[in-house]
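Student: Those protein sequences? They're chains A and B, same order as listed. Per the working numbering, the first sequence runs over residues 532 to 811. Per the working numbering, the second sequence runs over residues 532 to 811.
One side only, chain A facing chain B, incomplete, derived with CB under 10 Å: (1) T634; (2) Q638; (3) P642; (4) H688; (5) I726; (6) T729.
Keep in mind the hints are simulated off the structure, nothing from the lab. Note that beta-carbon positions come from the ideal geometry of N, C-alpha and C, so glycine has one too.
The residues making up each chain are set out below.
Number of protein chains: 2
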Amino acid sequence: MTTILDGKKLSAKILNKLSEEIRKLDKKPSLAVILVGDNPASELYVNLKKKAAEKIGITSTVLTYPQNIDEKTVLDKISELNNDKNVDAILVQLPLPQQINSTNIIQAISPKKDVDGFTPENIGKMSIGVEPYAYPCTPKGILTLLEEYKINLQGKHVVIIGRSNIVGKPLAQMLLNKDATVTICHSATTNLSDITKTADILISAVGKPKIIKKDMIKNNSVIVDVGTSKVDGKIFGDVDFENLSELTSYITPVPGGVGPMTIASLLVNTYELSKRMRKN
Amino acid sequence: MTTILDGKKLSAKILNKLSEEIRKLDKKPSLAVILVGDNPASELYVNLKKKAAEKIGITSTVLTYPQNIDEKTVLDKISELNNDKNVDAILVQLPLPQQINSTNIIQAISPKKDVDGFTPENIGKMSIGVEPYAYPCTPKGILTLLEEYKINLQGKHVVIIGRSNIVGKPLAQMLLNKDATVTICHSATTNLSDITKTADILISAVGKPKIIKKDMIKNNSVIVDVGTSKVDGKIFGDVDFENLSELTSYITPVPGGVGPMTIASLLVNTYELSKRMRKN
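Model the full assembly from the supplied sequences, consistent with the hints where possible.
Tutor: And the structure:
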């Protein structure tokens, strides 16, 4: 019998508690979101974030730009937001259109307002074991979920599929800091299933529907599915949930697993950045 | 038949070429080294670095402090060196005495003079795929050595033992950027040899003599030994070289493998920082 890692339920619990904290504040935490272009998935995510923020009393402003906007306009806006005392947290929704260099944009965000924890200063601090201003939201959400279900990480072999700056790479750092043995696989990995079969905990962040089959996992392992794909209007994870969930000890559903945890982490980060900002 | 990865020879070749470049300069690159306390290994390493620097025309200054020095004195000196136009590169020899917080010290170094590539900004840039001012010297030396012998990394499973900020963690990032599949093991890893036996390339950075035995490796794998231990005045690596070298396709010796490559990388970094510094 497997246990479902219920991200929806845990996220609601976290946001409930956070909402009470925010109610006590004179000035609400404020999140600025930059959304460029007309990527439907990005629009959907930004809407989800905005709604979730407002529901718990976080002020959110979405700044939208057309697909063909130049890099400088976005950089100038970030500089303005960095200096705006009414903005506690800045999020740039990725991916950005090709004419814009994403790493230039990310590097322009003040590390103190970097709610995604993606700036070099925050990533680098995390890597050397210094507390960053914020931890990346998806990895933070995954660790919070595993912790809630008391899943031990120490000495466990965690295999991550995907080496993005958003999930795979920061997640690996955070798991190492928790004493896990960590393997990072990706598109160039050969014999992927030889490696995934050795995982005590398998975390897939690929974004292709049902690529993780039951012959790729170890019995009684923990499976965390970060993927989301839409096929014919239906949402799928990376994991062939129906056919393998019975072999696992714990598994996240899609939707209702990692997704809500990412949003909860974003809002916790916004709150924490605002608290730090007001102390100084 | 195994091939020895001859770091001594490659390092000499690199430094020879570098020495010619430096001869053309009006003003020599300059390296400032901070050495705290009386750790004999640290004194030895600093001496090796200083000698190697001077041999190829890099000016090096060693600033020594007693074991009981306070953190502020070192921080003040770093701030002075950051602002000194005659200093291109700053190195703080690790480890530092207990009363000094190493990460505070490292964070104080200007990223532009951070010859070890250890500051959060440089580590973070490397992680997100932006060129840092300098790459950490030991990982850079290892990659340069593997490249010289045309050892393919793409899709290979590289297992690193050790998760230090100096070797394991930055090395993992650099290998990922080269399309290797990367596993990081460490003191909390269970069933270490189950994992090391799956490595196409095994890199050990533990610092305990001869802990990597022949039953822990895959036949025809590549073995890189970063460890150095002194037992009864004799230098040993992590690897039981005598008993397993015949099973490998390539192997580094200790001494004469990674050690000289680290020094070569340090001096290449010093030269490159000085070039960039003078351009601006």
